[in-house]
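A.B. asks: Going line by line, the protein sequences match chains A and B.
Okay, so the first sequence: first residue is 1 according to our numbering, each after it adds one.
Okay, so the second sequence: first residue is 1 according to our numbering, each after it adds one.
Keep in mind the hints are simulated off the structure, nothing from the lab.
Small disclaimer: the values here were computed from a predicted structure and weren't measured.
Beta carbons are placed, not taken as given, at the ideal position from N, Cα and C, and that holds for glycine.
Just so you know, not all the hints are guaranteed correct.
Claimed, not checked - Which residues of chain A face chain B? A partial, calculated answer using Cβ under 10 Å:
id, residue
1, Glu34
2, Gly74
3, Tyr228
4, Arg229
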Amino acid sequence: MRSLLPRLTLAASLLALAACAAPPPAGDQEAQQEYQQNNDPWEPTNRVFYAINDGLDTYILRPVAVGYRTVVPGRARDSIHNLLANISSPVVFSNDVLQAKPRRAGDTMMRFLINSTAGVGGLFDVASSLGYPQHDSDFGITMALWGVGEGPFLFLPVLGPSNPRDVTGFGVDIALDPLTWASFPGSATLGYARYGLSAVDQRERLLDQVDQIKRSALDPYATFRSLYRQNRASVIEQTRDDNQATVPAWFNR
Amino acid sequence: MLTRRTLLALSAATVALLAAGPLAHAQSAADATGFVVNLGNQMAAVVNGPGAPAQKMQQMQPLIERDVDVDDIARFCLGRFWRSASPQQQQQYLQLFHRMLINNIGGRLGDYQGVSFAPTTTTERDGNIWVGTVIRRPNQQPANVQWVVSYASGRPRVIDVVAEGTSLRITERSDFASYLARNGNDLNALLGALQRQAAG
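Input sequences plus hints: build the corresponding full structure.
C.D. replies: And the structure:
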């Protein structure tokens, strides 16, 4: 985990030297507009990384995810997902606080406490039924709420679709995670196991959707780009609009 | 010059308009929600009902053709290339788009076995009604899907489906635009690709 950050920096600097898409000729105004809207000046490099990712996915990640789905029963998979989400609670909490969303921060805190104890280390999601809904957050969303624009589209190896703001957010989240700094015998292995399991878990949850896109899209890269952007904008807007009070309504009467 | 009388008249007119607006739209909002719930229940009945996938496809098709404005979605997805297409190409494109949409939906019917759905909040945006629903499938996380209903053609028709913030129309248009850009903006190339998709 600690070595990931310098690698990310290296990747980022390499990208700066990478190929840029040529904008369309100045005469074609509609094509120009489309090019600006796409906001993907590094498209050639992005497509290369997409192809690499696609290969890795087809030959490694997807088969593992399919195997995971076949071998591990649904309830167990849900428990593993809950456990992984619980472990990430400190990061979500930090971001909730930085986003100045006290209700969300409270929900995350209560979820962490309740699920870690009554939910046996996070395996069982007891907190949801007690009125503390689950939500994810990351530093990319935090930066967006602070007013940082997303920047051009980036398709990264392994990490997939992203943009400069979200990649930075990913790095900061690793730094915000207490487990990154924890050092005990076996902590490195545990860290890799956690990220590996997280990747398989996420891939398994998206199996049907990704298969559908690859089957029916004329240009899967462009489809993933569009989906990523739209979904990201939606999540950010949801977070921005979430202004629930921290105290119950009856308290203020 | 803005006199007090003009200002009073203006504000009276605004109040009148605002009073009329929400009332008329409230009716459409409830109407649109009812329409989407009805359509959703009919589709769920087909999906959860007996029969082979091919039979279910046949049952779904009239529902979709009637209640979803596929032509409108198709025109939107082609974007600026619709205007420069010949009538023949336009016809061919519409036919292929219909087939592609039906095939895509049909291909996914199996995943939706046991589906149930419920309306959440309905809002109005840009003259269309966005009916929010939550779709639940067994062993899957519930999904927030919004159905955009337009009354432009006189009766309510779905013109877009927004799943977790991602719009079907916008995504499809992105796909087509990118494909065209990478194939010399040749509409025939797109039609060929759609044909291959529909066949295989």
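A.B. asks: Regarding the hint that Tyr228(A) lies at the interface with chain B, is the smallest CB-CB distance below 10 Å?
C.D. replies: 9 Å, holds
A.B. asks: Does the nearest C-beta of chain B fall within a distance shorter than 10 Å of the C-beta of Arg229(A)?
C.D. replies: 9 Å, holds
A.B. asks: With a cut-off of 10 Å on the beta carbons, see whether Glu34(A) makes it to chain B.
C.D. replies: 6 Å, holds
A.B. asks: Is the hint on Gly74(A) kept, meaning its closest Cβ partner in chain B is under 10 Å away?
C.D. replies: 5 Å, holds
Comparing the model with each numbered hint stated earlier shows that all of them hold.
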